[in-house]
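Protein chains in written order, with my numbering: chain L, 1 to 458; chain B, 1 to 458.
Certain hints may be false.
Chain copies aren't distinguished; within one or between two, either way the pair holds.
DSSO-like cross-link-like pairs, simulated, lysine-lysine; straight-line CA separation at most 30 Å [what the hints assert, rightly or not]: (1) Lys107 / Lys149; (2) Lys268 / Lys379; (3) Lys274 / Lys421; (4) Lys407 / Lys13; (5) Lys445 / Lys416; (6) Lys421 / Lys15; (7) Lys149 / Lys114; (8) Lys445 / Lys149; (9) Lys175 / Lys365; (10) Lys327 / Lys379; (11) Lys238 / Lys268; (12) Lys365 / Lys107; (13) Lys306 / Lys114; (14) Lys319 / Lys4; (15) Lys268 / Lys119.
To be clear, the hints were calculated from the coordinates, so they are not data collected in a lab. Small disclaimer: the values here were computed from a predicted structure and weren't measured.
2 protein chains.
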Amino acid sequence: MFAKETYIARRAKLKQTLGSGLLLFLGNDESGMNYADNTYHFRQDSTFLYFFGLPYAGLSAIIDIDNNREIIFGDELTIDAIVWMGTQPTLKEKSELAGITEVLPFKEIENYLKAAQTKKQTIHYLPTYRAEHQVKLQNWLGIYPGTEKPSVPFIMGVVNQRNYKSDEEIAEIEKACQVTADMHLTAMRMVRPGIRESEVAAAVAQVAYAHDYQLSFPIIATINGQTLHNHYHGNRIKSGDMLLLDAGAETEMGYAGDMSSTIPADSKFTTRQKDIYDIAVASHEAAVAALKPGVLFEDVYDLSAKVVMEGLKDLGFVKGDAMEAVKAGAHALFYPCGLGHMMGLDVHDMENLGEVYVGYDGRAKSTQFGRKSLRLGRKLEPGFVHTIEPGIYFIPELIDLWHGQHKFEEFINYDKVATYKDFSGIRNEEDYLITETGARLLGKKIPIHTEEVEAIHC
Amino acid sequence: MFAKETYIARRAKLKQTLGSGLLLFLGNDESGMNYADNTYHFRQDSTFLYFFGLPYAGLSAIIDIDNNREIIFGDELTIDAIVWMGTQPTLKEKSELAGITEVLPFKEIENYLKAAQTKKQTIHYLPTYRAEHQVKLQNWLGIYPGTEKPSVPFIMGVVNQRNYKSDEEIAEIEKACQVTADMHLTAMRMVRPGIRESEVAAAVAQVAYAHDYQLSFPIIATINGQTLHNHYHGNRIKSGDMLLLDAGAETEMGYAGDMSSTIPADSKFTTRQKDIYDIAVASHEAAVAALKPGVLFEDVYDLSAKVVMEGLKDLGFVKGDAMEAVKAGAHALFYPCGLGHMMGLDVHDMENLGEVYVGYDGRAKSTQFGRKSLRLGRKLEPGFVHTIEPGIYFIPELIDLWHGQHKFEEFINYDKVATYKDFSGIRNEEDYLITETGARLLGKKIPIHTEEVEAIHC
Numbered sequence: 001m002f003a004k005e006t007y008i009a010r011r012a013k014l015k016q017t018l019g020s021g022l023l024l025f026l027g028n029d030e031s032g033m034n035y036a037d038n039t040y041h042f043r044q045d046s047t048f049l050y051f052f053g054l055p056y057a058g059l060s061a062i063i064d065i066d067n068n069r070e071i072i073f074g075d076e077l078t079i080d081a082i083v084w085m086g087t088q089p090t091l092k093e094k095s096e097l098a099g100i101t102e103v104l105p106f107k108e109i110e111n112y113l114k115a116a117q118t119k120k121q122t123i124h125y126l127p128t129y130r131a132e133h134q135v136k137l138q139n140w141l142g143i144y145p146g147t148e149k150p151s152v153p154f155i156m157g158v159v160n161q162r163n164y165k166s167d168e169e170i171a172e173i174e175k176a177c178q179v180t181a182d183m184h185l186t187a188m189r190m191v192r193p194g195i196r197e198s199e200v201a202a203a204v205a206q207v208a209y210a211h212d213y214q215l216s217f218p219i220i221a222t223i224n225g226q227t228l229h230n231h232y233h234g235n236r237i238k239s240g241d242m243l244l245l246d247a248g249a250e251t252e253m254g255y256a257g258d259m260s261s262t263i264p265a266d267s268k269f270t271t272r273q274k275d276i277y278d279i280a281v282a283s284h285e286a287a288v289a290a291l292k293p294g295v296l297f298e299d300v301y302d303l304s305a306k307v308v309m310e311g312l313k314d315l316g317f318v319k320g321d322a323m324e325a326v327k328a329g330a331h332a333l334f335y336p337c338g339l340g341h342m343m344g345l346d347v348h349d350m351e352n353l354g355e356v357y358v359g360y361d362g363r364a365k366s367t368q369f370g371r372k373s374l375r376l377g378r379k380l381e382p383g384f385v386h387t388i389e390p391g392i393y394f395i396p397e398l399i400d401l402w403h404g405q406h407k408f409e410e411f412i413n414y415d416k417v418a419t420y421k422d423f424s425g426i427r428n429e430e431d432y433l434i435t436e437t438g439a440r441l442l443g444k445k446i447p448i449h450t451e452e453v454e455a456i457h458c
Numbered sequence: 001m002f003a004k005e006t007y008i009a010r011r012a013k014l015k016q017t018l019g020s021g022l023l024l025f026l027g028n029d030e031s032g033m034n035y036a037d038n039t040y041h042f043r044q045d046s047t048f049l050y051f052f053g054l055p056y057a058g059l060s061a062i063i064d065i066d067n068n069r070e071i072i073f074g075d076e077l078t079i080d081a082i083v084w085m086g087t088q089p090t091l092k093e094k095s096e097l098a099g100i101t102e103v104l105p106f107k108e109i110e111n112y113l114k115a116a117q118t119k120k121q122t123i124h125y126l127p128t129y130r131a132e133h134q135v136k137l138q139n140w141l142g143i144y145p146g147t148e149k150p151s152v153p154f155i156m157g158v159v160n161q162r163n164y165k166s167d168e169e170i171a172e173i174e175k176a177c178q179v180t181a182d183m184h185l186t187a188m189r190m191v192r193p194g195i196r197e198s199e200v201a202a203a204v205a206q207v208a209y210a211h212d213y214q215l216s217f218p219i220i221a222t223i224n225g226q227t228l229h230n231h232y233h234g235n236r237i238k239s240g241d242m243l244l245l246d247a248g249a250e251t252e253m254g255y256a257g258d259m260s261s262t263i264p265a266d267s268k269f270t271t272r273q274k275d276i277y278d279i280a281v282a283s284h285e286a287a288v289a290a291l292k293p294g295v296l297f298e299d300v301y302d303l304s305a306k307v308v309m310e311g312l313k314d315l316g317f318v319k320g321d322a323m324e325a326v327k328a329g330a331h332a333l334f335y336p337c338g339l340g341h342m343m344g345l346d347v348h349d350m351e352n353l354g355e356v357y358v359g360y361d362g363r364a365k366s367t368q369f370g371r372k373s374l375r376l377g378r379k380l381e382p383g384f385v386h387t388i389e390p391g392i393y394f395i396p397e398l399i400d401l402w403h404g405q406h407k408f409e410e411f412i413n414y415d416k417v418a419t420y421k422d423f424s425g426i427r428n429e430e431d432y433l434i435t436e437t438g439a440r441l442l443g444k445k446i447p448i449h450t451e452e453v454e455a456i457h458c
């Protein structure tokens with residue numbers, strides 16, 4: 001945890017923003033895999049962590065602005081719990097670390113909220129992303145699951161604080177990025193024909209776990225990199241393959257790193273691979289060079305897509321004006337995802353609060369295939385932390401679909417594209433902080449140019 | 001998956017047992033960590049796996065005995081899902097692998113169940129262990145969360161099939177046990193002063209993940225083995241410590257292994273450690289020697305506890321008649337957990353269905369501290385698979401509590417016990433199949449005697 005002053009200041013700012021009402025923070029519970037007591041690793045809700053810092057299951061909190069109270073609700077451990085799970089500080093001791101002096105038994109939260117309803121206080125809550133949240137809102141506030149109405153002022157208040165990373169947060173994210181970089185270096189050193197994807201994924205995970213860190217998201221380690229979020233690890237790597245690794249670490253405090261790399265199975269990329277890979281890197285570096293405060297990130301996305309289309313034009317995959325193709329959405333055949341996303345206490349920071357608020361400052365998102373997956377589109381500001389991750393993918397199902405629909409035939413040479421349906425995909429990803437004057441890479445630089453990757457790989 | 005005939009036969013048997021009504025099987029959904037799309041690894045419900053085999057999220061199933069229909073409800077992938085998550089067989093193709101020919105879109109399950117309610121069919125469902133199950137039962141059947149009434153005939157029908165492992169299941173469990181044994185051998189080779197618990201846990205996890213297996217439960221790797229389910233991995237191992245490792249692998253099909261070992265930090269156990277460790281092993285071996293069909297497992301538990309108390313009496317920790325002490329519950333100061341539990345598709349097999357049904361054949365469980373944690377108490381039968389895991393623990397909080405209460409002073413020499421409050425705890429655990437004539441160890445034997453552990457450890 002940070003010092004309690006951090007949490008006190010964060011809450012004070014949020015109270016000032018909202019001005020009145022009651023803010024309900026749902027902490028997370030343990031989450032059963034195949035029965036209640038066989039739990040996944042515990043992950044506290046990120047907004048709860050941001051304002052209260054406590055990484056324990058079974059807590060929720062209220063900031064009652066109208067009555068100037070801040071309360072953490074939870075239960076003390078029983079002797080059975082101590083025998084099985086070990087001892088912990090008391091709830092009072094824990095809460096004091098977050099600068100909270102008022103604690104109440106967990107069952108009291110229902111009474112508190114019902115009394116607030118009776119008094120016609122405005123009760124603000126955030127979007128739910130676990131069924132347990134829905135059950136609580138129903139029990140406490142009578143809201144039927146699926147009919148929640150999250151508070152937009154509460155969402156905006158949280159987003160407008162969490163989007164701007166403080167120095168102590170940046171230091172924490174940098175720790176995550178250092179370990180994340182080591183995860184990728186480990187993979188670059190071990191990928192070779194004959195080993196299984198699962199062996200790479202296991203070694204990559206080990207790096208995070210050995211630091212007593214978690215994974216910030218499930219590892220992608222696949223020879224089928226054309227599938228953007230492919231979590232299947234059952235293939236054996238063959239000569240001629242590339243392994244796409246997308247993996248990141250999460251610190252004890254919950255801050256994430258997120259990087260991607262594309263590693264040849266053999267000691268060198270083939271010419272066919274290098275030709276496409278170099279375009280992806282050119283796109284990546286063009287995007288990075290454009291990063292500075294005041295720039296619209298959606299423009300950087302357009303730029304990165306234009307570089308992809310220009311490169312593919314040189315190779316005969318596409319034709320016509322590259323930027324026209326991008327504006328029309330033709331690039332999404334090869335680049336159907338975004339350029340990057342905010343990163344912090346969540347690897348896709350605050351995705352549960354709504355990308356429109358987090359990444360678009362309330363502006364409507366495009367619904368165009370490809371562009372709609374751009375999670376960040378707003379003007380960049382100092383303190384933003386986000387990823388840069390353009391990619392080039394040959395997705396057989398998408399190629400067949402578009403080809404059959406004669407889609408964008410003015411831009412795409414399907415005959416040439418069809419010969420690359422077995423190519424798979426390429427993505428490199430780094431994490432950047434927007435500074436007053438530009439952008440700074442977070443974590444140590446991992447190899448990105450083919451010769452650098454080949455050098456560490458040998 | 002097994003051949004479809006396995007699933008067809010399992011369902012036929014269950015239908016015959018129940019005779020009439022409608023059986024609802026809730027498959028599991030993806031489970032979000034800190035936002036909906038950042039999911040924990042997917043784990044299908046074990047009973048769904050047992051009867052339908054399909055390891056995919058977003059499915060549920062109905063066996064409508066009254067109308068002789070077996071239906072899997074689910075949705076086909078969209079092109080967006082294929083781009084992001086990869087392609088899969090169609091629902092029809094998947095279902096045919098389980099011998100199911102009728103599939104319907106997921107939203108149809110609500111209509112089907114509401115029609116069954118109208119027709120006054122008896123709708124059987126199992127206990128819930130995720131809030132998502134509660135939300136579904138409310139949406140589909142109008143059951144308010146927390147007021148579910150699971151079907152005892154359905155529970156008993158499932159338990160009476162899943163408790164008896166078939167040859168193909170035993171082969172699968174044996175695969176899990178082989179990898180589980182390798183996890184422990186890995187730890188035995190690496191534990192030494194100076195490394196962190198997290199490094200051991202990471203290396204142990206890597207063994208499972210490299211096989212593309214999962215962990216069957218969160219790893220326990222702790223120098224504070226007196227805490228029975230201690231998942232904290234932040235300590236550095238010091239000379240004089242023992243590391244208690246409790247870890248197991250889960251195969252692709254979901255079958256579990258579960259073993260424990262206690263490893264000295266140094267090349268040899270100290271005399272003080274060896275004295276206690278040898279008693280734990282004697283208890284373990286006495287229990288194993290007693291395993292055969294017809295034996296009441298609670299009697300084996302009593303035997304194992306008696307051996308512990310006799311050993312501790314020789315060392316001066318306890319006094320009086322050992323078996324009398326066990327019957328009174330005094331042993332639970334040192335041995336506050338059970339001797340073993342059923343194991344199969346869940347590491348604590350069917351814990352969500354109720355231990356009374358699974359482990360006690362409907363007989364009421366003891367409420368005595370210690371004995372109440374014995375998950376298995378019934379007469380052993382061929383085909384049962386269970387663990388053997390007696391232990392000896394010195395739990396400072398429990399010692400202080402009982403001492404203050406003058407509890408069992410006729411059996412316990414608290415002055416001597418108090419000098420061992422820093423001892424930590426010892427547990428060894430193996431997995432056994434009850435055969436027609438006795439019991440068979442599953443997976444290769446891992447070192448258990450001090451000299452064996454020391455030999456591999458050096």
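These are the hints, each one checked on the structure:
For the homomeric pair Lys107 and Lys149, the shortest alpha-carbon distances inside one copy (23 Å) and between copies (23 Å) are both at most 30 Å. Taking the shortest alpha-carbon separations for Lys268 and Lys379, neither the intra-copy value of 39 Å nor the inter-copy value of 62 Å comes in at or below 30 Å. In this assembly of identical chains, the alpha carbons of Lys274 and Lys421 lie at most 30 Å apart only when taken from the same copy (16 Å versus 63 Å across copies). Proximity of Lys407 and Lys13 under a CA criterion of 30 Å is satisfied in neither setting, with 50 Å inside one chain copy and 53 Å between copies.
Proximity of Lys445 to Lys416 under the C-alpha cut-off of 30 Å is found in neither arrangement, the shortest distances being 35 Å within a copy and 58 Å between copies. In the homo-oligomer, the alpha carbons of Lys421 and Lys15 never lie at most 30 Å apart, since the shortest distance is 54 Å inside one protomer and 47 Å across protomers. For the identical chains of this complex, Lys149 and Lys114 are neighbours both inside a copy (17 Å) and across copies (27 Å), given an alpha-carbon limit of 30 Å. Neither within a single protomer nor between protomers do Lys445 and Lys149 lie at most 30 Å apart by alpha-carbon distance, with minima of 43 Å and 57 Å respectively.
Taking the shortest alpha-carbon separations for Lys175 and Lys365, neither the intra-copy value of 32 Å nor the inter-copy value of 49 Å comes in at or below 30 Å. Taking the shortest Cα distances, Lys327 and Lys379 sit within 30 Å of each other inside one copy (19 Å), while across copies they are farther apart (72 Å). When the C-alpha separation of Lys238 and Lys268 is checked against a cutoff of 30 Å, the pair qualifies only within one copy, where the shortest distance is 13 Å, while the shortest distance between copies is 44 Å. Proximity of Lys365 and Lys107 under a CA criterion of 30 Å is satisfied inter-copy only: 28 Å between copies versus 41 Å inside one chain copy.
Taking the closest pair of Cα atoms, Lys306 and Lys114 never come within 30 Å of each other, the shortest separation being 55 Å inside a single copy and 53 Å across copies. When the C-alpha separation of Lys319 and Lys4 is checked against a cutoff of 30 Å, the pair qualifies neither within a copy, at 58 Å, nor between copies, at 50 Å. Within a single copy, Lys268 and Lys119 get their C-alpha atoms no closer than 70 Å, and across copies no closer than 67 Å, so neither meets the 30 Å cut-off.
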